[in-house]
Each structure stands twice: as structure tokens, then as C-alpha cells.
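**Student:** Heads up: the protein sequence lines correspond to chains A and B, in order. Residues 1 to 374 in my numbering are what the first sequence spells out, letter by letter. Residues 1001 to 1374 in my numbering are what the second sequence spells out, letter by letter.
There could be a bad hint or two in this list.
The calculated lysine to aspartate or glutamate pairs, modelled on EDC-like cross-linking and capped at a C-alpha distance of 16 Å, are [claimed, not checked]: (1) B:Lys1089 - A:Glu270; (2) B:Lys1153 - B:Asp1176; (3) A:Lys281 - A:Asp306; (4) A:Lys24 - B:Asp1008; (5) B:Lys1281 - B:Glu1270; (6) A:Lys266 - B:Glu1270; (7) A:Lys89 - B:Glu1270; (8) B:Lys1281 - B:Asp1249; (9) B:Lys1070 - A:Glu18.
Please keep in mind that the hints were generated in silico from the structure rather than gathered at the bench. Predicted model, so just to flag it, every value in this text is computed and none were measured.
Protein chains: 2
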Amino acid sequence: MRTPGRPDVGYGQPVSHESHVQKKAQAIVPETTGFTLWHTPLESQRGAITPNGLHFGVHHNGIPDIDPAKHELVIHGLVERPLTFSVEKLLRYPMVSRILFLECSGNTAANALSPFARDESCQDLYGQVSGSEWVGVPLRLLLEEAGLGASAKWAIAEGADGGSHARSIPVSKLLDDGMLAFYQNGERLRGAQGYPMRLLLPGWEGNANVKWLHRLELTDTPAYTKDESGLYTEFLANGDIARFSFLMDVKSVITHPSGRQMLHEKGFYEIAGLAWSGHGKVSQVEVSADEGRTWALAELQGPVLDKALTRFSIPWRWDGKPTVLLSRATDERGVRQPTRTQWKERYASHSFNHYNAVQPWRIGSDGGVENTYA
Amino acid sequence: MRTPGRPDVGYGQPVSHESHVQKKAQAIVPETTGFTLWHTPLESQRGAITPNGLHFGVHHNGIPDIDPAKHELVIHGLVERPLTFSVEKLLRYPMVSRILFLECSGNTAANALSPFARDESCQDLYGQVSGSEWVGVPLRLLLEEAGLGASAKWAIAEGADGGSHARSIPVSKLLDDGMLAFYQNGERLRGAQGYPMRLLLPGWEGNANVKWLHRLELTDTPAYTKDESGLYTEFLANGDIARFSFLMDVKSVITHPSGRQMLHEKGFYEIAGLAWSGHGKVSQVEVSADEGRTWALAELQGPVLDKALTRFSIPWRWDGKPTVLLSRATDERGVRQPTRTQWKERYASHSFNHYNAVQPWRIGSDGGVENTYA
């Protein structure tokens, strides 16, 4: 450069050369319902933090525009003192910060449902998971201030969006590590993430982390709301149903290389990806570059945090021949990801939530990378 | 809300209600030189990650627009094999990720230079420090590939900006933990942070982390470039000068409450802030709410990481009377921040880099918060 550059601005944006890196709306649901799925471009992300502009969004009723000066949180029901909090008041409470993953219950549904492996990208197949540093008020403080009744076992958490998205949450989770989140990655929540406040339940499925939270009603039983009796209930192979299946299980995916990418030449590549578990820390990730015959331990990028995205990587030299790459994560309980066959044995054929099977990526002789089931 | 909300978009933005949260250009240098200072709004940030849009920027020659397809890194000088790397090739190398602070050598210069405490905000006084997850290629790999000559002790790192900002870096630092960074908080670098690549030297002053890096020349002595012989050299009180003073020392600041904020009523507040050290982890932060007479240990928000911003907090009840709040951090060496008097005793009266003294914020009887020196 032989000339001075442009000046900076008050709120910076990505360079034009990277303008192709965008969230992507999935077309599987009609736009008219207000229910939309926006996927994170995981194959463009390195590290364990997702930029706020690229965080995935599953919106049941679009994104409401809420004036923080008018928004309130009400805590009522089986409490000694029903309380109403303004946003301004809540911002004075003690806050905690945690780096956590957030994943939609339905992430990777296409691999669960489709009888053949759809030739889609990592973003399309896995883009309903993101990682952030969340900062907010421990819900324990607010519940203690309200005074929990002896029979208060559940809290109905309701959002202020058009459809009043609501989930029944066990009080034990709120007291343990539930957070009323106000900040994400250093700034106030984006509208798409629940501004001015959302519920944050470490390790639990996305929709239970109710956005635009305005009401917590303490009860002795769940409310069996539309979304918890419908969309977010799982049918098992043995005819049972799994309700209130909040925890996201151990899972991993290779993001580099991944679906629809192309290896342009033989030689060195770093296989890298993300692993996570709602049950705690990832303890190890194994990678196979020979269709699952042999496995090697990948390196985990520290700090390996509880219920957070964990980056793994391992060096690899491609010899130009077709093969299949796989990763399988184990969490600190010692539980390892199932294969797709094992996962399908547990769930009914039309079930698709909580899919966490091992992902095989097929490398063609032309270097093309494609989704496969084995 | 009784109507569906708006749809999401491919790259999200902050809500309009938070549009006042912006980087702020400092007016102390004339715009015409191309040298500009853009400060992070620390008092609007919670947690240890700074959003990329709000990361501080000190630009010596504005922000160049670099086409990544044309950009190259050259490693030459005292090496066995001079090498040229395209961006595409470098993106295939193994990468590491680290959450780190980055601070300008001149951060908080106003408190060093001004004979009276300027009534300014935390952003104005402290906004040249930010925290990010950086991902990139260990420089050790590239230097080993080039083959370091026995007499190669320094590397002249040069940027591709209009003024070719350059610093001489000890090879030992590059081999230890120097990184060629491509990603920041999950996406490719912003233009203001060195797109398509920058040097990242954990714990070292910002300007040594050369942005838009395009050349590393291995030499046996420093180049004594303009910026290392001029702006970034410190004058000491005893007449000596400190050159190549790369490490940023242990430092902390209370961000809540901080300069020019207002406590609107008596009662509970959380005192919270940030601490960091270029020498390693923060081991403790003490807070005083009585002008420094007594001190209490603040809680550190984990994970406490090496050379990263560390959030601290402590509960406080304001009785409505005037007082002074202070924080003082100690790092894992056992070294504690100096007072302003101690700092001024070490440096010449016109010196202003590497200011890391304890910050007192005066609380007035009206609840106003103001910068003070004691």
C-alpha cells in the first residue's frame, strides 16, 4: 500500500472479501408460520466462540422489537412474594459469566430423518449450534428473593414474542446454574438472541433457554405447553415418548474438511472440528481417516470448559485416494457418541431431535467431501 | 407482543436500543496524519470477550483494503530457505486458539500525562484494551520450515499498510508462542484488526502485534524502526530509556461503576471490572470502597486464563456518602499494581506508555463517579 487506508468506524463490520460468510435460512419450514431456522456457518468458524452476528437462531414467532424501558420480568405463582423487575433494576444484580455451547434440540435432523445421506454442507447439517460467553444474573438470587414455596417444583418460563413461547423448567436447574442472561460476547444480547433478556440453561436444548423472557410462574407440575408436548417431545423405538429431555448429549463434527468442500491437491491438511456435551466437559475426541478401521486421539484446544464448544485437531496427509473421515467424542462421564445405526435403534423412525451420531465425511478421488452414513 | 416479529438476517446487528454503544475516536491526534485511536466502550462490556465490532483500534496509517488473493507473507533474511506463502496455503497449516487480552502501550496515557485527573469515562481513559479468542498458525512452524540461521535473533515484522508499520521482534518470542492470526472470535479478522493476517504476541504491547503482516525478515540485530525508536520507547525518571519494552504489566480497572456514570440511589451495587497481565494469570484483585483504607478480595470469574482479561466482582452497598473506589490486581508473579505516585517515580514526567497504576474513582454525594488521582 502506498496510500493511507480508510478511517475506522464506531461499530465495525466484516471485510467485503468475507461477505459470503452468513447465517443461512433453512427452507424446510414455510416462511408464513413465523417459524424459521437460521444456521451458523461452522465451516467458516475456527475456535470455540461464534460471533454474535453469526449465532444460529431458531425463532418460533420471528424476532420481536422490545423497548427495554417497558420490559419487565414477573416472578409469581408458588412464591412468598410475587416480584416485578425492570431491566434497569436487574442490571444492578450480581452477574456471572460462562462460556457455553447452545444447540437446538433439532440440530442435524436431516441425518436422523433422511433415508439417504443428503449432500449438504456442515452449515446446513450442523448449523444449529454456537458458542458464546454469556453474562447474567444467577436465577437463584431472584428466586430466593421471591421466596420459593415448598411445593414449587417447576417454573413456566414464557417469552414476550408473538406466540408466547413457553417451557416448563425444573426449579432445581434454575437454582443450580440457571442464568438470566443480558450480555453475549461482551455486548447486550442481540434481538435474535432475546434482547433484553433470556433464560440460559447450561447444556440444555436451545428452546428451553427462553428468549425475550418476561414471566416465570412457579408451579407444582409442568404446564405441558404446546412446544413441550409437541415439537420437543421424542418418540422412541419401543413406543415410549421422552418428554422434558432437556440435556443435549455428547456430539462432535469435523468442520475442516466438511460437506461440499473440495481438497484441491494431495498433501497436508489439518482435520479440525468441534465437540461438546450437555453433561460436562469433553474428555477426548478420536478421529479416523480410514473409514473407521483405526482411530487416533485428536488434540483438544484448551481451555476445555464445562458445557462449551471444544476445538479438536489432528494433522493428516491426503494420499489422493477415496476415504472416509470420522470423529467421535467422549465426555467426562465416559459416554461416547453412538453410530447412526445405534442412534436409530433407540428412536422411532420419524424422530429427529437430539441426534448426536458420529458423522462420516466421504472424500472422493476428486477431493470432493460429501455427507455419508457409513 | 400480539404479532409475529421480524425475520432474521444473514449477518446480525445490535438492536437499535443499544446503538449508543460504539467505539469512540479520540481527538488528541489530528485526523490528517492517518494515526487514529478508537476506544472500546469497556463500561458497556461484561465478561472477558470484546465483540469484534467494538475491539479497540490504534491505526498508524488507516485501514488498508487488502485482497486476500494477492496478499503474501515473505520470510527472508537469515534463513536457509526464503519462503513465500499465499493466504490460501497458510490456511491449511495447523492452527491453535487462545483467549488473550490485547492492549496498546499507550492505554491510559491521559492519567500518566495530565497534571490533574481528567473527568473522563472508562472508555476514554482505558479503552485501548480488548479481549478476544484468536486462532492462527504457530510462527514456530513457519520459521522451522524456512530454517533459522544460527545468527537469526530478531525478526523485522512489517505490515502492508500505507506506512509499512514495522517492529523488531525477538525470535525467541516468535518460537515460544507467536501466532500468525487469521481468526478472531470465530470469524476471519476484521479489516481494522489486520485482515487477512496479523502477528499475535500474547501479553505484548499492541503495536508489536503487527497488523496486515506481509514480511518477516530475520536479522541479527533490531532494525530500530521509527516506531520502536520513537513513539514506543519510554523515558525513565533516572534519564535512561526503555526500548523493546514489550510486555504489558499487571493492571486492573473498575468498569462498573466508572467515570461519568451516576448512581441514582443508595443501596446495592455490584462493583465489577477487568484485570490482566502480560506476565501470566491474574492471581487476585483487591477492592477498596473506603479510599484505600481497607481492602477486600474480589471474586474472579473463571476460567482465569494466561494473559487474558479476567473479570472480577464484589458486592457493595452504597450508603449515599462520598467515597473512593479502587481496585488493585496482583499477577501470578506476585507483582501488584503500583500507585500513581509510585509509577510517576519510575518514569520521566513526559512518559506515558505502559501506565498501569491503581485507578481511584471518586463517588460524589450526588452519586456521580469521577476520575481522581487519590
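**Student:** Indicate, hint by hint, whether the structure satisfies it.
**Tutor:** Hints, verified against the model:
Straight-line distance between C-alpha atoms of Lys1089 of chain B and Glu270 of chain A comes to about 12 Å, which keeps the hinted pair within the 16 Å bound. Restraint check for Lys1153 of chain B and Asp1176 of chain B: satisfied, since their Cα atoms lie roughly 13 Å apart, inside the 16 Å limit. Proximity of Lys281 of chain A to Asp306 of chain A is assessed by CA-CA distance (about 4 Å); at most 16 Å being required, the pair is judged to hold. Only pairs whose Cα atoms come within 16 Å are accepted, and Lys24 of chain A paired with Asp1008 of chain B is accepted, the gap being roughly 10 Å.
Between Lys1281 of chain B and Glu1270 of chain B the CA atoms are separated by roughly 23 Å; this puts the pair beyond 16 Å, and the hint is violated. At most 16 Å may separate the alpha-carbon atoms for a hinted pair to count; Lys266 of chain A and Glu1270 of chain B exceed this at roughly 57 Å. In summary, the hint linking Lys89 of chain A to Glu1270 of chain B is supported, as the alpha carbons are separated by about 12 Å, within the 16 Å threshold. Straight-line distance between C-alpha atoms of Lys1281 of chain B and Asp1249 of chain B comes to about 11 Å, which keeps the hinted pair within the 16 Å bound.
For a cut-off of 16 Å, the pair hint linking Lys1070 of chain B to Glu18 of chain A stands: about 15 Å separates their Cα positions.
Hints 5 and 6 from the list above are not met by this structure, while the remaining hints are.
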